[in-house]
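There are 2 protein chains.
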Amino acid sequence: MKKLYLVGTGPGHSDLVTPRALAAIEASSDLVAYGLYLDLLGAVCDGKTRHQLPLGEEIERARLALDLAASGKVTALVSSGDIGIYAMATLVFELLDLQQQGLEDHPEWLQVELEVVPGISAMQAAAGRCGAILGHDFCTISLSNLLTPWETIVKRLHACGAGDFAVSFYNPRSQKRDWQIDSARDILLEYRPPETPVILGRQLTRDDESIRVITLAELDAADVDMFTLVAVGNSESRQFTTPQQRWVYTPRGYSKKL
Amino acid sequence: MKKLYLVGTGPGHSDLVTPRALAAIEASSDLVAYGLYLDLLGAVCDGKTRHQLPLGEEIERARLALDLAASGKVTALVSSGDIGIYAMATLVFELLDLQQQGLEDHPEWLQVELEVVPGISAMQAAAGRCGAILGHDFCTISLSNLLTPWETIVKRLHACGAGDFAVSFYNPRSQKRDWQIDSARDILLEYRPPETPVILGRQLTRDDESIRVITLAELDAADVDMFTLVAVGNSESRQFTTPQQRWVYTPRGYSKKL
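Note that the protein sequences, when read in sequence, are chains S and A.
Note that the first sequence covers residues 1 to 258 in our numbering.
Note that the second sequence covers residues 259 to 516 in our numbering.
If we strip away everything but chain S, and leave its shape as in the complex, we get:
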């Protein structure tokens, strides 16, 4: 059997890696990943052949994973978070689709059995760390305009505002992209109050985790980097403080019954 696992390993902490993800890695002889993700996993990767391609070489990683699996090596393509959410899984399926259309020359890829193992995504780790900002309808928007035209992102920001969705921003900033998060803030401020709660979750569940709860008006690119998940509440989201910490939640509409 030729097998390729597409594995999401969660936000970082080992106790948020599912048993299914661990089993998939254990069953594999070859691991394809950005190196940091494998370091976080620790001993389960010992003895495996590691194929560590740098950030930016996503297409090469997807091709390599399909090639290795097609050659008979049980392979796991690994990413942090959920590999199906802004991650590598979709690229593998896009390559297979191209092959099916005759636009690639790798018929052997179609003999590979695929299994996707979902994982806890950063938005879930951020929400849980501070309460329940995802308690009602929400959306996710990647602010990276490397692959998506900025006009498309702007259209989605306005739709998020008009629909009053809570929103989690992925890829809010990088070294070369420093203004997108401020633009996103300004668009959302056309639709919801300046005191709307915002979570800045950096390096979630990892040793150097930091969490801040601020307001939409306070959101500033200077406080955000490529390791930050930015979550913005909808117009009904609230924040409050207990002796333990500051919390954010989005109500579901029970208030009439409470």
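Please note: incorrect hints may appear among the correct ones.
[To be verified] Derived CB-CB ranges, DEER-like:
1) Q111/S / Q433/A: 51 to 57 Å
2) L103/S / Q358/A: 31 to 37 Å
3) V412/A / P19/S: 38 to 44 Å
4) W150/S / S493/A: 16 to 22 Å
[To be verified] Calculated lysine to aspartate or glutamate pairs in the EDC-like style (CA-CA distance at most 20 Å, straight line):
5) K155/S / E195/S
6) K155/S / D478/A
7) K515/A / D186/S
Just so you know, these hints were derived from the structure itself, not from any lab.
Since this is a predicted model, take the numbers as computed values, not measurements.
We put the beta carbon where it would ideally sit given N, CA and C, even for glycine.
Assemble chain A onto chain S, guided by the hints.
Coordinates of chain A only, in the frame set by chain S:
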């Protein structure tokens, strides 16, 4: 220490329960949940005091969990999926917020330390089972108008269409609510093609799981029940078939590079 865990146990299969969720349940003497969720967990619940309240008694479950924890019993409030996504966590935080405002009379609740343990949500299980429909920007909408006015849901459906988000519908149908999913389909058909891929995922990861990939035009309330997750692609989502099965994915925009 007074402690309340808010625990999501994933879609159903034990190998998608995180070690952190298991540890929280193990550390608790009292479990509050809809009974089925505990049955799915199996032996880890043995010897715990179970407080099994029926569906519909969500507020009572949240109050009971806070009361038990405040009385000194280490308690886990358990739900399937992610307890932060359309589940019980937000209700616990809403009660705490009301207490902080002096609208409840339970100051003892504020002495409880809370820990939210996220879980794999149904949308992630559905997406992974069939490929990568959540590969780019997406939203979630609950079609239950028991707590949310239908006008709000309609507004979000139009925003979803205008923003061209892939969408996962939670609570698409119940015994008393049988027309909402057809209305949602009709609204989305104003924005995206009839051949847009749709996943119907029923009882995901459980023994009686069933999965179908259809088109938006084929979506019909007759094929949906309260155990079904309905996921609709965006205008760029594609479906294709390999010897293994039918797949759905939403591309991220690598096509120019491929």
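When the hints from earlier in the document are held up against this structure, which numbers fail?
Result: hints 1, 2, 5, 6 and 7 break, sorted rising.
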